[in-house]
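**Q** The primary structure of each chain is shown beneath.
Protein chains: 2
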Amino acid sequence: MNIINRAASILLLLVFFLAFFQNSVHGRPLLLSMSRPKPDDAALFARWLVSQSSWGVLNTIASDMGGAPFGNVVSFSDGLPDKGHGIPYFYLTTLDPTARNALKDQRSSFTISEYAIGTCGKKDPENPSCAKITLVGKLKVVTEDPKETTFAQTALFTKHPEMEGWPKSHDFQIYKLEIEEIFMINWFGGPKPLTVDQYLQAKMDSHTVIA
Amino acid sequence: MNIINRAASILLLLVFFLAFFQNSVHGRPLLLSMSRPKPDDAALFARWLVSQSSWGVLNTIASDMGGAPFGNVVSFSDGLPDKGHGIPYFYLTTLDPTARNALKDQRSSFTISEYAIGTCGKKDPENPSCAKITLVGKLKVVTEDPKETTFAQTALFTKHPEMEGWPKSHDFQIYKLEIEEIFMINWFGGPKPLTVDQYLQAKMDSHTVIA
Numbered sequence: 001m002n003i004i005n006r007a008a009s010i011l012l013l014l015v016f017f018l019a020f021f022q023n024s025v026h027g028r029p030l031l032l033s034m035s036r037p038k039p040d041d042a043a044l045f046a047r048w049l050v051s052q053s054s055w056g057v058l059n060t061i062a063s064d065m066g067g068a069p070f071g072n073v074v075s076f077s078d079g080l081p082d083k084g085h086g087i088p089y090f091y092l093t094t095l096d097p098t099a100r101n102a103l104k105d106q107r108s109s110f111t112i113s114e115y116a117i118g119t120c121g122k123k124d125p126e127n128p129s130c131a132k133i134t135l136v137g138k139l140k141v142v143t144e145d146p147k148e149t150t151f152a153q154t155a156l157f158t159k160h161p162e163m164e165g166w167p168k169s170h171d172f173q174i175y176k177l178e179i180e181e182i183f184m185i186n187w188f189g190g191p192k193p194l195t196v197d198q199y200l201q202a203k204m205d206s207h208t209v210i211a
Numbered sequence: 001m002n003i004i005n006r007a008a009s010i011l012l013l014l015v016f017f018l019a020f021f022q023n024s025v026h027g028r029p030l031l032l033s034m035s036r037p038k039p040d041d042a043a044l045f046a047r048w049l050v051s052q053s054s055w056g057v058l059n060t061i062a063s064d065m066g067g068a069p070f071g072n073v074v075s076f077s078d079g080l081p082d083k084g085h086g087i088p089y090f091y092l093t094t095l096d097p098t099a100r101n102a103l104k105d106q107r108s109s110f111t112i113s114e115y116a117i118g119t120c121g122k123k124d125p126e127n128p129s130c131a132k133i134t135l136v137g138k139l140k141v142v143t144e145d146p147k148e149t150t151f152a153q154t155a156l157f158t159k160h161p162e163m164e165g166w167p168k169s170h171d172f173q174i175y176k177l178e179i180e181e182i183f184m185i186n187w188f189g190g191p192k193p194l195t196v197d198q199y200l201q202a203k204m205d206s207h208t209v210i211a
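Heads up: the protein sequence lines correspond to chains A and B, in order.
Okay, so the first sequence: first residue is 1 according to full-length UniProt numbering, each after it adds one.
Okay, so the second sequence: first residue is 1 according to full-length UniProt numbering, each after it adds one.
No lab work stands behind these hints, which were simulated from the structure alone.
C-beta: ideal position from N, C-alpha, C; glycine also.
Any given hint might turn out to be false.
So the derived label-pair ranges between C-beta atoms look like this [to be verified]:
no.: 1; chain 1: A; residue 1: 41; chain 2: B; residue 2: 121; range: 29 to 39 Å
no.: 2; chain 1: B; residue 1: 129; chain 2: A; residue 2: 149; range: 36 to 46 Å
no.: 3; chain 1: B; residue 1: 205; chain 2: A; residue 2: 201; range: 39 to 49 Å
no.: 4; chain 1: A; residue 1: 201; chain 2: B; residue 2: 157; range: 37 to 47 Å
no.: 5; chain 1: A; residue 1: 162; chain 2: B; residue 2: 162; range: 15 to 25 Å
no.: 6; chain 1: B; residue 1: 193; chain 2: A; residue 2: 35; range: 39 to 49 Å
no.: 7; chain 1: A; residue 1: 41; chain 2: B; residue 2: 161; range: 25 to 35 Å
no.: 8; chain 1: A; residue 1: 196; chain 2: B; residue 2: 147; range: 44 to 54 Å
no.: 9; chain 1: A; residue 1: 193; chain 2: B; residue 2: 157; range: 29 to 39 Å
no.: 10; chain 1: B; residue 1: 144; chain 2: A; residue 2: 80; range: 44 to 54 Å
no.: 11; chain 1: B; residue 1: 195; chain 2: A; residue 2: 154; range: 36 to 46 Å
Sample of chain B residues lacking proximity to chain A, with all beta carbon distances greater than 10 Å (derived) [what the hints assert, rightly or not]:
no.: 12; residue: 59
no.: 13; residue: 80
no.: 14; residue: 148
no.: 15; residue: 158
no.: 16; residue: 169
no.: 17; residue: 174
no.: 18; residue: 192
no.: 19; residue: 201
Extracted from the complex, chain A is given alone in its bound form (with noise of 0.2 Å):
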């Protein structure tokens, strides 16, 4: 009895550290509920990278660069925890480049790494089987309907509780990435094809969430 009582307090220990480490490990908290989408079906797995991640790199025209691309690292969400929409919101203040090159000239990219939410196993970053998306599209800022501005808000500050304290005298407004196209490699074989309209209606809610 001892011996068992022993053995419970060893698992019990066991336990504890593996939530522990797994929450608190390089800080990341993870976002992960729904499970990883086969890569053939293109549209649900682009979604799934999308809504399953908190920040990736926005690239803008950086005219002040002589042109060059400028990416930038951005925090990001397209909606509550696994009712994204696809639609990459952001939170910007064009006391940084990024919203200010986008003021000048829309033309913009998101690109995501499926290596950051650490669902690659030991993969390298760049073996096409460890997944990337880039959204290629037009970056503004959302001010005219109130329902996206509420909606978009509510999907930020959810993710990212942080900014609702960012200081006021910043200015921060909401840009989001209107999408034009889709480059997205998640196996062999090149980039997947994959239509803006076909990633925008993948049914979310008919995949697996894991509890």
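With chain A fixed as given, assemble chain B onto it according to the hints.
**A** Using the frame of chain A, we list chain B on its own:
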């Protein structure tokens, strides 16, 4: 004595799990061996961030997408672990748009987030104290200098052992970013003033290495 033995066993198990999770959670190799420099030392901090990272987003101009800035997830290396020179080298194929774009228009940037290496704690990826760097310059094939080619290949294959086995038929070539401008945020108050010379000449070996 029995209790001490049992306590030792539990301790050993915990140490094992600690080591195991630190190395394997999210499939990230633990590259970190140099301690994080103080944010004030911009040059050293930038070199540390680049040398500790294994991937980033490489941005080029996509003439076939209306001249949009096109970000792409790539692996890179600036040298052997803790012996980087600050110049990022890549292993790219023209089967991929990034290399094709660069051969038409060398304007490029390369973006890295500290969030990806796991030293941002619970901070949001867009929090200014979670560092990000964008190296802006020209993306070029490395061919002329055999010494540089050897250095770059060793740097890449050491950090990314998979690369050596990538299909010969894909004609991978070594590229480098010739840096012209540096944008780095690693604390509040906007981008750190940092010239390319200061960055390239920072003395990495003066910095503490954790065994």
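**Q** For each hint, tell me whether it holds in the structure or not.
**A** Tested hints:
One distance hint, 29 to 39 Å for the beta-carbon pair residue 41 (chain A) and residue 121 (chain B), holds here, with the actual separation near 35 Å. A C-beta distance of roughly 28 Å is found between residue 129 (chain B) and residue 149 (chain A), which places it outside the suggested range of 36 to 46 Å. A hinted range of 39 to 49 Å for the beta carbons of residue 205 (chain B) and residue 201 (chain A) is inconsistent with their spacing of about 55 Å. Separated by about 43 Å at the C-beta atoms, residue 201 (chain A) and residue 157 (chain B) satisfy the suggested range of 37 to 47 Å.
At roughly 36 Å, the beta carbons of residue 162 (chain A) and residue 162 (chain B) sit outside the given window of 15 to 25 Å. For the hinted restraint 39 to 49 Å between residue 193 (chain B) and residue 35 (chain A), the CB-CB distance of approximately 46 Å keeps it satisfied. For the pair residue 41 (chain A) and residue 161 (chain B), the beta carbons lie near 31 Å from each other, so the given range of 25 to 35 Å is met. Judged by the Cβ atoms, the range 44 to 54 Å given for residue 196 (chain A) and residue 147 (chain B) holds: they are separated by roughly 47 Å.
Look at residue 193 (chain A) against residue 157 (chain B): about 33 Å separates their beta carbons, and that is inside 29 to 39 Å. At about 53 Å, the beta-carbon gap between residue 144 (chain B) and residue 80 (chain A) stays in the expected band of 44 to 54 Å. With their beta carbons about 42 Å apart, residue 195 (chain B) and residue 154 (chain A) fall inside the hinted range of 36 to 46 Å. At roughly 4 Å, the least C-beta separation between residue 59 (chain B) and chain A is not larger than 10 Å, which violates its mark as non-interface.
No beta-carbon of chain A is positioned within 10 Å of the beta-carbon of residue 80 (chain B); the least distance is around 17 Å. Remark: the non-interface label on residue 148 (chain B) is consistent with the geometry, its nearest Cβ contact in chain A lying 21 Å away (cut-off 10 Å). At roughly 13 Å from the closest C-beta of chain A, the C-beta of residue 158 (chain B) stays outside 10 Å, upholding its exclusion from the interface. Under the 10 Å C-beta cut-off, the non-interface status given to residue 169 (chain B) relative to chain A holds; the minimum distance is some 13 Å.
Its beta-carbon lying about 13 Å from the closest one in chain A, residue 174 (chain B) satisfies the requirement of being farther than 10 Å from that chain. Under the 10 Å C-beta cut-off, the non-interface status given to residue 192 (chain B) relative to chain A holds; the minimum distance is some 14 Å. The Cβ of residue 201 (chain B) sits about 22 Å from the closest Cβ of chain A, beyond the 10 Å cut-off, so the non-interface label holds.
Violated hints, listed in ascending order, are 2, 3, 5, 12; each of the other numbered hints is respected by the structure.
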